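Protein chains in written order, with the working numbering: chain A, 222 to 535; chain B, 355 to 576; chain C, 642 to 1068.
Since the hints were derived computationally from the structure, they do not count as laboratory data.
Any given hint could turn out to be false.
[Unchecked claim] Below 27 Å or equal to it, Euclidean Cα-Cα: the simulated DSS-like pairs (lysine-lysine) are:
| hint | chain 1 | residue 1 | chain 2 | residue 2 |
| --- | --- | --- | --- | --- |
| 1 | C | 882 | B | 365 |
| 2 | B | 407 | A | 449 |
| 3 | A | 393 | A | 520 |
| 4 | B | 364 | B | 440 |
| 5 | C | 1044 | A | 367 |
| 6 | A | 447 | B | 407 |
| 7 | C | 891 | C | 815 |
| 8 | C | 891 | C | 1044 |
| 9 | B | 364 | C | 882 |
| 10 | C | 917 | A | 367 |
| 11 | A | 410 | B | 458 |
| 12 | A | 367 | A | 380 |
| 13 | B | 440 | A | 447 |
Given the structure is predicted, the values throughout are model-derived calculations rather than measurements.
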Amino acid sequence: MNSLPPQIDKASDQAMSRRSFLRGCAAFGGVSALAASLAPLRELGDYTNTDQFLQKYYKELTPSDMTKVIDRIEGEVERQYGIRPHVRDLKPMDGVEFVYALNLTRCIGCRKCVHACVKENNQSRSPEIQYIRVLKMPHGSMDVEKGNHNYDSKQVPEKGFLYMPIQCQQCKNPPCVKVCPVNATWQEKDGITVIDYDWCIGCRYCEAACPYWARRFNFTKPQIPKDKINPDMSYLGNRPRKQGVMEKCHFCIQRTRVGKYPACLEVCPVGARKFGNILDPNSEVSYILREKRVFIQLKEEMGTSPRFFYYFDK
Amino acid sequence: MAKIDPSVQKKSDNTANYWLGGLTVFFFSLAIFFFVNSKQFTTARAEIPLVDKKFVDTTPWRQTYTDLVKAREDLSDYDCYACHDKAKPPLIRYDTDQKIIIPKEHANIEMSHGAHERNNICYNCHNEQNLNTLQVRDGNVVKFDNTPQLCGSCHGPSLRDWEAGAHGRTSGYWDRKLGEINRLSCANCHNPHAPHIPTREAAPGPHSLHEAPPHESSKSIH
Amino acid sequence: MISSIQNYITFLLRCARIACVGDWRYYAWMGALTIICLFGLNAYAKQLAQGLITTGMSDEVSWGVYIANFTFLVGVAAAAVMMVIPVYIYGNEELHDLVIFGELLAVAAIIMCLAFVTVDLGRPDRFWHLIPGIGQMNFPQSMLSWDVLVLNGYLLLNVHICGYLLYCRYQNKKPAKWFYIPFVFLAIAWAVSIHTVTAFLYVGLGGRPFWNASIVGPRFLASAFTAGPAIIIIALQIIRKFTTYRIQDKALLTLRSIVQVSMIINVFLLACEVFKEFYSGTTHSASAKYLFFGLHGHYALVPWIWTAITFNLIAMVILALPLSRSLRWLDVACVLSIIGIWIEKGMGLVIPGFIPTPLGAVVDYMPSLNETLVCLGIWAFGFLCYTIFLRMSVPILQGHLSKANEDEIEAQMTTSTKSHLIKSNFN
């Protein structure tokens, strides 16, 4: 112990209590600055609620759970957009495996498929989310490096070019499914790779893994004009997504699982897109894969085994 | 332990006190700054115009005879004998370059079916015996609501593809058990007199998340 | 039982109390760090409310400085344990105490890593989906699930080792070898694994040819074992300057030899990479072209990578020469290596993997102000943690904070430590 004279001892005691008081003040100031720094969280809005936070994984939901979840979703959409949608949990059909074939001789690069998809699947208009990207490729090459994404030709098709729309290839061996840390994306029996939007944690590992740049992330709250909402929705498909989750083409699951064609196919003015059940020998896609000579599966060497086949008539 | 010089101790104590005091003041002003600043912080975003309705329109380019019948539209265009004489098939006139001369009554027809004027004889398809029908080269008569048989008589591979659903536009149900498939006919896309598909306007290109406001210039991502 | 818990709580409280006490330089440093942290927290609150649009990331470049910093810091955390090898494997007893400083750095680095990953998530409220058993962990297929497990395991490992050794020193008890030696050896292997797993996050993606190369794993380790010990060299000198803890030059020189060899290996691996990318001329080298020479009119990263390479080469030369035995030159080499490797792992690895996109588009990435503030906030938080750890551990290791003087009030204890400082300032 130091042997200090008594008056200095008392002075150092006072100094200590003054110091402690100031330390306390600084700490209090720090805590109030901390609280104030969190002020922007007031704008969180309907980021999450208890039901959504505790919601189970899709594959673990019982039918009654799913009814409650669908009710919640329908209520949320109604509150936000003023229209009560019809959300269904569509299961894959038996004996069905989807395949998409795209005729590169026919595609004129009009981009109508891009926008029909946006309309059908309730994608954000601002910021813009588009599942389909059309590449303008020079004649003779399938090297996507040579592709032009932003062509704004007044008249398509332009001579000397071919147009290649690219969307999720619903690979048989999907790298995105492999890397998802929480199993939020998986491939269903009918070949569609789906995403459980309420399970995704938004790490974007799948976006990094996809060799086709097919996956999109909601960097902020998606904006859809109220009058453009498509109320015919499905849980794994086109129900409006939230901020911070992934989305991608799901072969218009709300249409194809009830036997209809996807929206991109319906709008294509030249019939370049063909879709159907490969397990049915009488479908168009079976015919095409049987009769046509050359197929291109993009980046075949990746081993992803896509369900998307590009072919030529001439 | 060494003895501390009290005056030095006091000096360093005072400095520490000043720093603590200063920090307190700074923290409180920081709190106010954060609170005020939280009111306006929306990240600026370019306004992306909504796409024109025509780019999501699924209406076929052309209407065939069958469509007109179904829609109970005016069929007077197909009533050839309103002007022509049943007994006398109309004469086709050619100019010095073997190019067909379109009569002024049919001025809306552009004749370019086949390169090098290969197919410029109207009666290759139209039936001179009965103008309300069409004919195939082997003499078989084809009605206007069954035109694929005519087109396919020359364009066999396309007809086979079309019948299988691989050529041309389809819509409706891929699963025939659940609903009808709606297959468009040849003339829904191809003008029989000028079948080559004309070029069209493309919808606007994509906008990257942090892009500057969209321009008409060809600012390519590539 | 109860008394040992009470003792432990007393120990923790005293440690916490001493972290709040210091001289004016301590308050200034901690105050500055706290302010930066608060700015970072505020920026993150804005990001939570608005989404990741507040950053410079986009669908084209979907990982940015957050993951870049994460990658760098995992390397630092792994390498911080490098000090353990000479001590425990080669029995260099003089470095014994310094192991604790290294492991505390590892703890701080891992905390920063976990923070960087959390701020990068789109839905951090759904973190519980990652917990095995409660959530759905895609183990063993997803490398990210491996990363979650190994990083948290490494954190626990180091907290245990440091905590146990420090508590034993506090109690003036000899630590039981079975309770920490096996964990130390486990930590050595685990350190290599955390960085390899992080490397495999990138290597496993076939769709990104820039990353899908076997050299990425070894390069990660080589650069980590350069930057990590370099940071420790700097940190030890700072401890030497600001506390009365004696650190011998010998420790710094041992670390120097690790940095020296690792940097040479790192530069060699860089040469291997450059050869592979550019000699065969395949289209798979588009990302490397963008990084080193620019692509289609986009040159954003070119000055960065050449700066990094220059720094690394200069550092390698300095380290190879006996010149670097002098601490001033060693410091220069260390700072150059740290900056060079930070650029290499961040801008030189993460960003070029995204440019061009798998469909050939080139979209530049530029971190936004908000993103930078969050990064600075997390770095400041890491520094804050490490300062607090040192503030607690140095007095324990010196014997100033021990069970014996539990009754002595903090004031006098800090007074005595300060007196040494003031004394040294006088002389």
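Checklist entry - Would the pair residue 410 of chain A and residue 458 of chain B pass a check requiring their Cα atoms to be no farther apart than 27 Å? => result violated, 61 Å
Report task. Assess, step by step, whether the Cα of residue 393 of chain A is no farther than 27 Å from the Cα of residue 520 of chain A, and give holds or violated. Result -> holds, 13 Å
Task: 27 Å Cα cutoff - pair residue 1044 of chain C, residue 367 of chain A - done: At roughly 71 Å apart (the allowed maximum being 27 Å), residue 367 of chain A and residue 1044 of chain C break the hint.
Holds or violated: residue 440 of chain B and residue 447 of chain A, Cα atoms, limit 27 Å.
violated, 59 Å
Are residue 917 of chain C and residue 367 of chain A close enough, with their CA atoms no more than 27 Å apart?
The hint holds at about 22 Å.
Starting from residue 882 of chain C, check that the Cα of residue 365 of chain B is at most 27 Å away, please. holds, 21 Å
Q. Under the criterion that the straight-line Cα-Cα distance not exceed 27 Å, is the pair residue 367 of chain A, residue 380 of chain A satisfied?
A. Status holds; Cα separation ~16 Å.
Query - Hint consistency between residue 447 of chain A and residue 407 of chain B [alpha-carbon to alpha-carbon, up to 27 Å] - result: Status holds; Cα separation ~16 Å.
Is it true that the CA of residue 364 of chain B sits at most 27 Å from the CA of residue 882 of chain C? Since the Cα atoms of residue 364 of chain B and residue 882 of chain C sit roughly 23 Å apart, the hinted pair holds (cutoff 27 Å).
**Report entry** Pairwise hint evaluation, residue 1044 of chain C against residue 891 of chain C, where the allowed Cα distance is 27 Å at most
**Finding:** Violated - the C-alpha atoms of residue 1044 of chain C and residue 891 of chain C are around 31 Å apart, more than 27 Å.
When you check the alpha-carbon spacing of residue 407 of chain B and residue 449 of chain A, does it fall within 27 Å? Holds. Residue 407 of chain B to residue 449 of chain A sits at ~11 Å (cutoff 27 Å).
Starting from residue 891 of chain C, check that the Cα of residue 815 of chain C is at most 27 Å away, please. holds, 25 Å
Hint check: violations occur at hints 4, 5, 8, 11 and 13; the rest are consistent with the structure.
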